[in-house]
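Q: Protein chains in written order, with the working numbering: chain B, 1 to 388; chain F, 1001 to 1328.
It should be emphasised that the hints constitute simulated quantities derived from the structure, not laboratory data. Predicted model only: the values in this text are computed from it and were never measured. Glycine included, C-beta positions come from ideal geometry on N, C-alpha and C. Possibly wrong hints are sitting among the right ones.
Just the calculated beta-carbon pair ranges, DEER-fashion [to be verified]: (1) Pro1301(F) to Asn145(B): 18 to 28 Å; (2) Asn145(B) to Glu1282(F): 45 to 55 Å; (3) Glu1309(F) to Gly344(B): 12 to 22 Å; (4) Ala373(B) to Pro1301(F): 10 to 20 Å; (5) Ser1055(F) to Glu321(B): 53 to 63 Å; (6) Thr198(B) to Val1189(F): 41 to 51 Å; (7) Lys1112(F) to Glu299(B): 53 to 63 Å; (8) Arg337(B) to Glu1309(F): 24 to 34 Å; (9) Ala1109(F) to Ser293(B): 40 to 50 Å; (10) Gly1128(F) to Asp287(B): 10 to 20 Å; (11) Ser1055(F) to Gly60(B): 46 to 56 Å; (12) Ile1127(F) to Asn145(B): 24 to 34 Å; (13) Lys336(B) to Glu1309(F): 24 to 34 Å; (14) Thr1206(F) to Gly341(B): 50 to 60 Å.
Spelled out from the first residue to the last, the chains are:
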Amino acid sequence: MSVKSTAVGGSPAKSRAASRGRSKNRSGDGPEFVQLLTPEGERVEHSEYAVDLTPQELRGLYRDMVLTRRFDGEAVTLQRQGELGLWASLLGQEAAQIGSGRATRHDDYVFPTYREHGVAWTRDVDPLNLLGMFRGVNNGGWDPNENNFHLYTIVIGSQTLHATGYAMGVAKDGADSAVLAYFGDGASSQGDVAEAFTFAAVYNAPVVFFCQNNQWAISEPTERQSRVPIYQRAAGYGFPGVRVDGNDVLAVLAVTRAALDHARSGQGPMLVEAFTYRMGAHTTTDDPTRYRSDEEREEWAGKDPIARLKAYLDREGLADEAFYAEVGAESDALAKRVREGVRGMPDPEPMAIFEHAYADGHALVDEERARFAEYQASFEDTTAGTGR
Amino acid sequence: MDRTTRTMPIAKALNESLRKALDDDPKVLVMGEDVGKLGGVFRITDGLQKDFGESRVIDTPLAESGIIGTAIGLALRGYRPVTEIQFDGFVFPAYDQIVTQLAKMHARALGKIKLPVVIRIPYGGGIGAVEHHSESPEALFAHVAGLKIVSPSNANDAYWMLQQAIQCDDPVIFFEPKRRYWDKGEVDVAAVPGDLHKAVVARPGTDLTLAAYGPMVKVCLEAAAVAAEEGRSLEVVDLRSLSPIDFDTVQASVERTGRLVVVHEAPVFYGAGGEIAARITERSFYHLEAPVLRVGGFHAPYPPARLEEEYLPGLDRVLDAVDRALAF
Ligand SMILES: Cc1ncc(C[n+]2csc(CCOP(=O)(O)OP(=O)(O)O)c2C)c(N)n1
Ligand SMILES: [Mg+2]
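Throw the hints in and build the complete structure from the sequences for me.
A: Right, dumping it as structure tokens:
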């Protein structure tokens, strides 16, 4: 599907309205807002973006979202129980993540932030791998090349440049895969993100910038980051931007597929803004009652991505009780596996501090490692000797 | 206890200090990510926006280069911005502004302009955080001429050193020992403070000097207490300032004790300990009974939380160095 340039921006009158008031930026609707499934679960058509999924594929998306939410909820619980040091919940963003993740091809490459647990799921990353960093047993912990899913990046915005560079490499290799770079509304303010847009544009890199505008960057609302809707930033760099209903898994899938195809076919980068909401706290250490209202959260609860797809499945008779029971059982099993897996995750050996500091070795690291080993051993001797 | 002295945690002392600075001088601004309604992720700016308004306590966009770059501009216009970097690991987008602009502008203008910008950075480990939230990058800044670097270790210093940093006409990087935020101490809001850059003897002793700053002062005081039980008298010097460093106080201490161990969380390689060891060796060579030893981080990335207890200098590592120094 080709993306028409009209997807880039609104009319001048609309832009003025956007820069004057907050309402437009926050409401998320308007002609550019791509939606294929209403919050009530009614299927609607869009002039540029379409999906045609089999009932099985639709049920698959539902299953993905339910399992992702269950995994995420389990991680929150494990943090409360002290099994994890921290957790960044994706609650509310399941459609944005599953829809975009399922739009990727096996050979595409994904660069996540720290919240992309749903995208990781679609890339077949073992959920247990995601927990190591939050438990504090590693600083990343998986082989990015195994699933073409890069490590989580905590420093805001950095990965958009890595994604752009990776995409430049893809183009140099003449491959027809694409790169998907995730970032947040807050991240859109970072210089790195602006530079990523510039590089991607001038090199026509096959990268899709996928912004999950979940309305908040910790305590700061999106208006603190931008006076225009974020997708409109793309216009200034010379590539298309589009806003999609981030709680509509079908629309996200359609738009991301189109954007990846656009990149793949040599037309360069694209920006997708998935308009969604962070239903939970920023992380388990955050207290959102200090800065946002319950009403806002309630309003977004009415747009829940999973309930929406379920309403559609039910309305069309595409799923029966047996299916839901099966998904329920599967998510119980997943939760159990995650619980047991985390509790059984061993602490790293102290000597792991020195591992992988360099690929080619380093004399000082070797020296410090040897001394530390000696020091540790002397301590053990003392313990054995004196019973200290 | 007189009325001007109150017991409070370091976090509260910093909060009160900012409040006083905002009260005293209308040109003082507080700016950073989430410093408004949230009061900062550590609540250091708690309640300040409510009391001083959004134009003085400013939630910035999520962009550290922007925070420091605009703070420079505000300072050029006569303001005294007190910026907050959310965590140590997130200062680097601003490193360019700090190193190439903030540090050098006064000199380039032949002294005609002043850059009274304060950069508050919670730093160091020990809170079980994920990566980039536990680092000690002070040496990367201390290496740059034009910046002043300080780090309080207790509540009274937190209160007063921040006042003094804000009043300073040079850029000051104010490293806050985040794992000590909740440690309580007495703050005397009336006592006239000493020099911002002066080191103090936090515990007198005769056998060996432990020099530390920020979060490691507590570890050294504990080490001195344990050593005392074993009949060893350790002196603890709280450096307080890393640029400049009060070498005179360290020298005087070392010339009394004859031995020096420098302790910091930051990696030893190219760290403050190396600088202090070299200077003190030059100044006090004939007083030294042992080489100056250093205890600090390794030349490896800060490890995941479940290894930080091994990584961070603790009582045992400090006492091990003390043993080695005393064995000479
Ligand atoms: C360079 C940098 N500065 C600050 C932080 C601290 N921080 C972590 S998440 C966050 C907010 C991010 O907001 P957004 O980009 O909207 O992503 P979201 O968390 O909403 O998914 C901040 C300020 C950081 N991780 N990196
Ligand atoms: Mg956000």
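Q: Hints broken by the structure, by number, lowest first?
A: none
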